[in-house]
Structure formats: C-alpha cells, structure tokens
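J.: Hey, can you work out the whole structure from these sequences and the hints?
Listed in order, the protein sequences are those of chains U and C.
For the first sequence, position 98 (counting from the first letter as 1) is numbered 98 according to our numbering, and the numbering increases by one without interruption.
For the second sequence, position 218 (counting from the first letter as 1) is numbered 218 according to our numbering, and the numbering increases by one without interruption.
No wet-lab data here; the hints were simulated from the structure.
We put the CB at the ideal spot given by N, CA and C, even for glycine.
Incorrect hints may have been included.
[What the hints assert, rightly or not] Among the chain U residues that face chain C by a calculated CB cut under 7 Å, a handful are:
#	residue
1	110
2	114
3	117
4	184
[Stated by the list, open to error] In silico lysine-lysine, DSBU-like type, Cα no more than 30 Å apart, as pairs:
#	chain 1	residue 1	chain 2	residue 2
5	U	320	C	101
6	C	19	U	281
7	U	101	U	2
8	U	76	C	281
9	U	99	C	19
10	C	192	C	232
Protein chains: 2
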Amino acid sequence: MKFTIQKNILLENLTYVSKAISIKNIIPILNGIKFELTKNGLSLTASDSELTIKTFIEEKDIVKIEEEGTIIIQSKFILDIIRKMPSDIINFEVIDGLKIKIYTDNNQYNLNCLDYKEYPSLKLEESKTPLVIKSSIFKEIINQTSFAISTQELRPILTGINLKIVGDMLECVATDSYRLSKKNIKLDEAVKDDVNIVIPGKNLVEFEKIIADDDNEVELHIFNSKILFKYKNILFQSNLLNGTFPTTSNLIPTEFEIIAKTNLSDYAASIDRASLLTQGKDKNIVKMKIEEGKMIINSFASEIGRVEEKVMIDVDNNAKIDISFSARYMLEALRTIKDDEEILILLNSDVKPIVIKSVNDESLIHLILPVKTY
Amino acid sequence: MKFTIQKNILLENLTYVSKAISIKNIIPILNGIKFELTKNGLSLTASDSELTIKTFIEEKDIVKIEEEGTIIIQSKFILDIIRKMPSDIINFEVIDGLKIKIYTDNNQYNLNCLDYKEYPSLKLEESKTPLVIKSSIFKEIINQTSFAISTQELRPILTGINLKIVGDMLECVATDSYRLSKKNIKLDEAVKDDVNIVIPGKNLVEFEKIIADDDNEVELHIFNSKILFKYKNILFQSNLLNGTFPTTSNLIPTEFEIIAKTNLSDYAASIDRASLLTQGKDKNIVKMKIEEGKMIINSFASEIGRVEEKVMIDVDNNAKIDISFSARYMLEALRTIKDDEEILILLNSDVKPIVIKSVNDESLIHLILPVKTY
Numbered sequence: 001m002k003f004t005i006q007k008n009i010l011l012e013n014l015t016y017v018s019k020a021i022s023i024k025n026i027i028p029i030l031n032g033i034k035f036e037l038t039k040n041g042l043s044l045t046a047s048d049s050e051l052t053i054k055t056f057i058e059e060k061d062i063v064k065i066e067e068e069g070t071i072i073i074q075s076k077f078i079l080d081i082i083r084k085m086p087s088d089i090i091n092f093e094v095i096d097g098l099k100i101k102i103y104t105d106n107n108q109y110n111l112n113c114l115d116y117k118e119y120p121s122l123k124l125e126e127s128k129t130p131l132v133i134k135s136s137i138f139k140e141i142i143n144q145t146s147f148a149i150s151t152q153e154l155r156p157i158l159t160g161i162n163l164k165i166v167g168d169m170l171e172c173v174a175t176d177s178y179r180l181s182k183k184n185i186k187l188d189e190a191v192k193d194d195v196n197i198v199i200p201g202k203n204l205v206e207f208e209k210i211i212a213d214d215d216n217e218v219e220l221h222i223f224n225s226k227i228l229f230k231y232k233n234i235l236f237q238s239n240l241l242n243g244t245f246p247t248t249s250n251l252i253p254t255e256f257e258i259i260a261k262t263n264l265s266d267y268a269a270s271i272d273r274a275s276l277l278t279q280g281k282d283k284n285i286v287k288m289k290i291e292e293g294k295m296i297i298n299s300f301a302s303e304i305g306r307v308e309e310k311v312m313i314d315v316d317n318n319a320k321i322d323i324s325f326s327a328r329y330m331l332e333a334l335r336t337i338k339d340d341e342e343i344l345i346l347l348n349s350d351v352k353p354i355v356i357k358s359v360n361d362e363s364l365i366h367l368i369l370p371v372k373t374y
Numbered sequence: 001m002k003f004t005i006q007k008n009i010l011l012e013n014l015t016y017v018s019k020a021i022s023i024k025n026i027i028p029i030l031n032g033i034k035f036e037l038t039k040n041g042l043s044l045t046a047s048d049s050e051l052t053i054k055t056f057i058e059e060k061d062i063v064k065i066e067e068e069g070t071i072i073i074q075s076k077f078i079l080d081i082i083r084k085m086p087s088d089i090i091n092f093e094v095i096d097g098l099k100i101k102i103y104t105d106n107n108q109y110n111l112n113c114l115d116y117k118e119y120p121s122l123k124l125e126e127s128k129t130p131l132v133i134k135s136s137i138f139k140e141i142i143n144q145t146s147f148a149i150s151t152q153e154l155r156p157i158l159t160g161i162n163l164k165i166v167g168d169m170l171e172c173v174a175t176d177s178y179r180l181s182k183k184n185i186k187l188d189e190a191v192k193d194d195v196n197i198v199i200p201g202k203n204l205v206e207f208e209k210i211i212a213d214d215d216n217e218v219e220l221h222i223f224n225s226k227i228l229f230k231y232k233n234i235l236f237q238s239n240l241l242n243g244t245f246p247t248t249s250n251l252i253p254t255e256f257e258i259i260a261k262t263n264l265s266d267y268a269a270s271i272d273r274a275s276l277l278t279q280g281k282d283k284n285i286v287k288m289k290i291e292e293g294k295m296i297i298n299s300f301a302s303e304i305g306r307v308e309e310k311v312m313i314d315v316d317n318n319a320k321i322d323i324s325f326s327a328r329y330m331l332e333a334l335r336t337i338k339d340d341e342e343i344l345i346l347l348n349s350d351v352k353p354i355v356i357k358s359v360n361d362e363s364l365i366h367l368i369l370p371v372k373t374y
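T.: And the structure:
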C-alpha cells in the first residue's frame with residue numbers, strides 16, 4: 001500500500017470512523033482502523049462489533065495512489081499524528097509487510113500494524129427499500145430524545161431509543177422510567193411494513209455528531225437485528241436491542257387540571273437558580289407551586305439555606321398545586337426546545353406526571369415524574 | 001448589613017478573593033468570605049491562613065449603603081448565585097442576625113451565615129518602602145518561571161519561587177531539581193537592603209491570574225515571614241517558605257561545546273510530534289541528535305513504533321551529540337518564550353544540562369537535565 005493524501009480529507013474521515021472504537025474493547029484487532037486501498041479509492045473501517053463505521057474516500061479525492069493494499073493501523077495515536085503533521089499533504093507507505101511509514105519531507109512515523117487477515121469480516125448490508133430522512137430532521141429527533149435514555153444496564157432495553165413507524169408516522173421514544181421524551185415526525189412517504197425497533201442510544205448519539213444540520217439525506221436500512229445508516233460517504237451500522245420496549249402511549253395524559261403557559265428561557269433560568277443549593281445532591285429536587293395564577297419555584301438545603309423564584313405564567317384557572325421534581329431532568333428536557341419559544345406546563349396532581357410541550361411545536365412531548373417529598 | 005450593588009462589580013471582586021479559599025481547608029469558618037460594610041464601602045476577605053486576599057469596593061461604586069455590618073457568607077455557592085442572578089442590580093440584607101437575604105424583584109436566596117466574631121483576625125500589613133513593579137512585567141516573571149517549581153512536598157522549599165534582589169537587579173528562580181528557570185529584571189530603583197525570599201509557587205500562580213498584562217503597578221511589601229502584594233484595590237498576602245533555597249548560579253554553564261540556533265515554533269512542533277508515541281509515559285523521553293550541522297529528534301516506543309523529525313538549525317561547529325530529555329519539560333520551557341523568536345540550544349555533553357535561551361532576550365534562561373537512556 002502506498003498513497004499520498006490531503007491531511008484534512010483523511011483527518012475528517014478518520015474522525016468519523018474512530019467513533020466506533022470503544023475504550024472498553026478487549027479484542028486487540030478492534031483497536032485498529034482498517035485501511036483498504038484500491039484503484040477506486042481508500043476505505044476506512046472501525047468497529048467495536050456492535051457498531052461499525054466505514055467511510056470511502058474516492059480516488060479523485062486522493063492525491064496519488066501508487067500501490068493497492070490493506071492494513072490495520074492502531075487507532076490510539078493515528079488521529080493525533082495526522083492532526084499534528086506539519087504539511088497539508090501526507091504520504092503513506094507499507095514497509096516490511098506489517099509496518100506503515102507515514103511521512104512528509106522532514107518527519108516520519110514508523111508504526112507497527114496488525115494483519116488485515118485477522119480483522120473480522122464485517123458485513124455492511126444495504127436494503128433495497130431504505131427509509132430516507134433529511135439529516136437536519138434526524139439530528140433533531142436524536143437530540144430531542146436521546147438524553148432521556150437510561151444509563152443503567154439493569155434494564156438494557158431502556159438504554160435504547162424506540163423507533164416506530166406506522167404508515168407515514170415516525171415516533172421516537174426514550175425513557176429511563178423516571179422521565180420520557182417522545183418525538184413524532186410525518187414522513188414524506190408511507191412505509192409498506194410497520195417498523196418497531198430499539199436502537200442503542202449511545203450509538204445514535206455518536207451518529208448525531210457525524211451528521212450535519214443540513215438538507216443532506218440519511219438513509220435508514222433496517223434489518224431484524226441491525227440498522228445501517230447511510231450518510232454521504234459514510235456507512236454507520238448499529239446492532240438493535242433485543243426485547244420489548246415498554247408501551248408508553250398510555251403513560252402520557254391527554255387531559256390536564258392545570259395548563260400553565262410561560263416563557264421557556266425565564267422558566268429554565270429560574271429552575272437553574274433554584275437548583276443551585278441542592279446541586280451535587282443525587283436528586284437535585286426543586287418544588288413548583290402554582291396558586292392564584294402565580295408560580296413559585298423553591299428549594300431548600302438545611303445546612304445552606306433556601307431559594308425562591310417567582311415565574312410569570314398564564315394559567316387558565318385557579319387550581320392549586322405543589323409538586324416536586326428533579327431540576328436536572330427538567331433542565332435537560334427544556335434544553336431541547338428552541339430558545340425563543342413559549343412552553344406549556346401541563347399538570348394534574350402532585351403525584352401525576354408533569355408534561356412539557358412547546359406552544360408552537362406539537363411534535364415533541366416531555367414527561368417528568370414528580371418526586372415525593374415529606 | 002443592608003446594601004444594593006451592581007452584579008458585575010461584586011462578581012469581579014468575589015472572584016478575586018475566592019482564590020484564597022482552599023478545598024483542602026478543614027477550618028469551617030475559612031470556607032466563608034467576610035463581607036464588611038461601612039459607610040466608606042464594602043471589603044471582602046478570604047483566607048486559607050497561608051494566603052489572604054482582601055478587596056475593597058468604594059462607596060462610590062456601590063448603588064446604595066443602607067446599614068453597616070459584618071457577616072461571613074459561605075463561599076461554596078456565592079459565586080454561582082451572583083453569576084446567575086437575573087438582574088444587574090442585587091440587594092443584600094442581613095435578617096435574623098445570621099442569615100443573609102440576597103434578592104432581586106423576582107427571586108431571593110436566604111443563606112445561612114457564620115458569625116464574624118469567629119473569623120480570625122488577619123493582619124494585612126503594609127511596609128513604608130514597598131518595591132514597585134509594572135504588572136505586565138511581574139506577570140511575565142511568574143509565567144516564565146512558575147511552571148518549573150516542584151509539585152512534591154518532599155523538599156518544600158522547591159515548591160516556591162526564589163526572589164532575590166541585589167541593588168537594582170531582581171532575579172527569580174524556580175527549580176524542581178530536574179530543570180530550572182531563571183529570569184532577571186533590572187528595577188527602576190535600587191533597593192537599600194538585599195532581598196532573598198522564597199514565595200509559595202501556587203500562591204504566585206493565583207496572583208498572576210488576578211493581575212492584568214498592563215501598566216498598572218504591583219507593590220511588593222516584604223516582611224520576614226510574609227509578603228503583601230498590593231494591586232489596584234486588591235491586597236494579596238502570602239506566607240513565605242522557611243529554609244534555604246539551593247544556590248543555583250553555579251549550575252548554569254557559561255561555556256558551551258555546541259551552540260545551535262533554530263526557529264522556536266518549528267522546534268517545539270517537532271518535539272511535540274516526536275513525543276506523541278511516548279505520551280502518557282512517565283518520562284516522555286525524546287532523543288536529540290546533532291551531527292554535521294543537522295538535527296534529528298526521535299523517539300521510540302517498542303509496541304507502537306518510532307518517529308523521526310528533521311529540524312533546521314544553524315550550528316557553529318561540527319561537534320556531535322546524542323542527548324535524551326523529557327519532552328514535557330522542554331515544551332513547558334519553550335512555551336514561555338514568545339512565538340516569533342529564534343532560540344539558542346546550548347549543549348556541552350550528553351550528561352550536562354541543556355540550556356535554552358531566546359536569541360533576542362537575555363533575561364530568561366531555561367535549564368533542563370538530560371535523561372540517561374541505555
């Protein structure tokens with residue numbers, strides 16, 4: 001293998017595939033990135049066996065291809081090495097079979113490599129009828145739900161995001177059983193077969209970092225046990241989680257005792273200030289009180305003191321409520337709503353879920369369970 | 001105590017004094033900041049008993065002083081609270097003796113305070129004949145030497161910076177016994193009595209963050225066991241370290257076998273790249289070879305590979321050398337020299353110190369001991 005390539009093109013593609021390298025990985029060969037050079041171009045592949053990312057740099061984007069070949073380069077230093085190279089043009093050449101020389105005029109790295117024959121064969125299958133979604137929309141779906149997944153392995157299915165499609169309606173749900181976020185999107189075309197899969201949340205979060213907030217298309221190739229995302233020159237394949245995602249549609253109330261309208265950023269700032277004194281505490285609880293059309297947020301830490309915030313709200317009746325919840329959960333939900341929007345805070349009682357919606361955007365619903373305080 | 005103050009003025013002064021709060025501190029009262037309000041203004045004091053910082057906000061910079069008083073406010077949340085306040089004008093009022101109410105129209109914090117009578121009396125003494133140095137120069141002195149102090153408590157004296165003044169020559173030295181940095185400055189006026197003190201390096205680093213790179217004056221009030229810096233409205237008092245700082249003047253060679261001139265940023269980038277493969281390793285060793293007027297930097301990590309860098313140099317003779325040193329020590333020294341400068345690398349043998357100087361600036365000398373490799 002021998003080729004010359006532009007630093008920034010290689011760096012961009014290496015950055016994409018390196019997201020599949022897991023620090024927890026114990027299979028040595030999977031700490032490597034597969035470089036596969038043919039006369040058509042260079043493909044890079046990395047995998048942690050549950051997630052595989054492959055990119056392809058076309059021949060026209062490579063300065064010079066002198067000798068085809070395949071080799072596995074250790075991922076640990078390669079990004080730093082390429083990033084710090086003093087020239088815009090970098091040369092690669094395999095020497096002695098299992099060593100790669102990476103060099104410019106005045107510097108060279110000789111790195112020990114691994115044999116490509118030991119690298120597992122990773123099938124990246126494409127379906128004939130992929131689902132197509134604009135990348136800006138898919139990015140938003142992930143951003144607005146993924147924070148609500150469970151980080152605990154106790155119920156593995158909750159570490160995933162549930163993607164359901166019936167007809168032309170896509171529904172995305174994430175929940176850690178204390179809160180839930182749900183996003184609905186109307187697709188351009190209806191699907192023939194209903195979809196109901198659970199994608200590992202951490203993989204979707206990595207994919208979200210790769211795709212841009214623009215009009216490019218993301219193709220979803222869905223199979224029984226895996227999903228392949230195709231975006232520009234990138235193939236991103238994740239396993240799916242086994243098991244049944246809990247039915248959540250019946251959890252979200254449709255009628256409410258109290259409907260309070262308020263300014264998103266003022267409300268978020270008040271929650272943030274009220275939560276200051278209990279920060280670092282596990283639950284980070286604040287109390288929200290609505291009475292006679294007024295809202296008070298407060299919190300109390302016995303050693304430190306108390307804080308009280310008045311929030312301007314519009315409320316449709318004089319119902320009273322005094323409800324406690326995790327400020328962190330609330331702030332994470334609020335952060336997914338655009339800054340300039342008004343929100344609705346929908347309540348029934350101090351033991352029923354709090355529902356948060358944007359006034360202008362019906363597609364997104366956040367639900368937070370209250371916390372009992374005595 | 002009751003007053004109204006501008007958020008940014010209070011925040012700036014709180015930020016200064018909070019640098020004296022130590023996370024290791026075990027005396028409860030010293031986790032507090034002393035607020036002392038008189039008709040002349042508000043003084044803030046914090047201390048970890050070895051370092052005391054006091055600032056004074058004059059009456060003309062306070063919106064309204066309604067009632068004088070003194071109270072100790074816990075430092076842990078106060079900066080965040082003030083920073084997040086939703087208004088530019090903030091009200092303070094002591095209630096029930098040991099509680100402070102911090103409030104604006106729509107929010108209020110009630111914080112438990114400590115009794116000022118329990119706060120130690122901290123004398124901040126001024127001398128009649130302080131030494132005066134421009135703050136930009138004093139900032140530079142600290143920046144160019146403090147990184148070389150020892151972080152190990154084994155030889156406490158080496159955790160300080162040695163400040164010596166004889167006549168109108170100020171000399172600043174820091175060393176951890178593996179490297180040494182020395183800065184000389186000519187003062188505007190000669191001192192009457194020679195000075196030879198050792199100031200705790202970590203305190204000087206905190207002071208450096210407070211002073212600006214400008215023409216304001218720093219006053220040094222030097223006593224037997226402490227030093228008081230006066231800068232604008234800030235008093236910054238540090239203890240001095242006991243013991244004798246090692247004599248270092250005889251450590252720095254004055255004659256050299258090899259004098260190599262090179263471009264600072266190219267040399268630093270080469271060291272940085274050469275050190276990549278041994279990063280994370282304790283010593284982070286690179287090898288520098290000069291032969292026939294050429295310089296090669298290289299490094300080797302058995303599992304990973306090797307790297308070699310050619311560096312352009314001007315050298316006055318054909319002497320050969322092959323010397324190993326810590327890349328981290330070298331990079332930290334190089335970082336204190338201005339980017340656009342050429343440097344001199346001064347060498348005698350592979351077991352003698354490496355001396356680094358700027359070509360244009362004789363006031364600063366860095367010395368790095370070589371490492372033996374086999």
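J.: Each hint: holds or not?
T.: Hints, verified against the model:
For the restraint placing residue 110 of chain U at the interface with chain C, the shortest Cβ-Cβ distance is roughly 5 Å, inside the 7 Å limit, so the hint holds. Interface hint at residue 114 of chain U: violated, since its Cβ lies 12 Å from the closest Cβ of chain C, which is beyond the 7 Å cut-off. Contact between residue 117 of chain U and chain C, as hinted, is not supported at the beta carbon level, the nearest pair being about 20 Å apart and thus beyond 7 Å. For the restraint placing residue 184 of chain U at the interface with chain C, the shortest Cβ-Cβ distance is roughly 34 Å, beyond the 7 Å limit, so the hint is violated.
Between the alpha carbons of residue 320 of chain U and residue 101 of chain C the distance comes to roughly 27 Å, so the proposed pair stays at or under 30 Å and holds. Of the pairs offered as hints, the one joining residue 19 of chain C and residue 281 of chain U holds, with about 24 Å between alpha carbons and a cut-off of 30 Å not exceeded. Restraint check: the Cα-Cα separation between residue 101 of chain U and residue 2 of chain U comes to about 9 Å, which is no more than 30 Å; the hinted pair holds. With a CA separation close to 14 Å, the supplied pair residue 76 of chain U and residue 281 of chain C stays within the 30 Å bound.
At roughly 51 Å between alpha-carbon atoms, residue 99 of chain U and residue 19 of chain C are farther apart than 30 Å, so this suggested pair is violated. Using a Cα cut-off of 30 Å, the hinted pair residue 192 of chain C and residue 232 of chain C holds, with the two alpha carbons roughly 25 Å apart.
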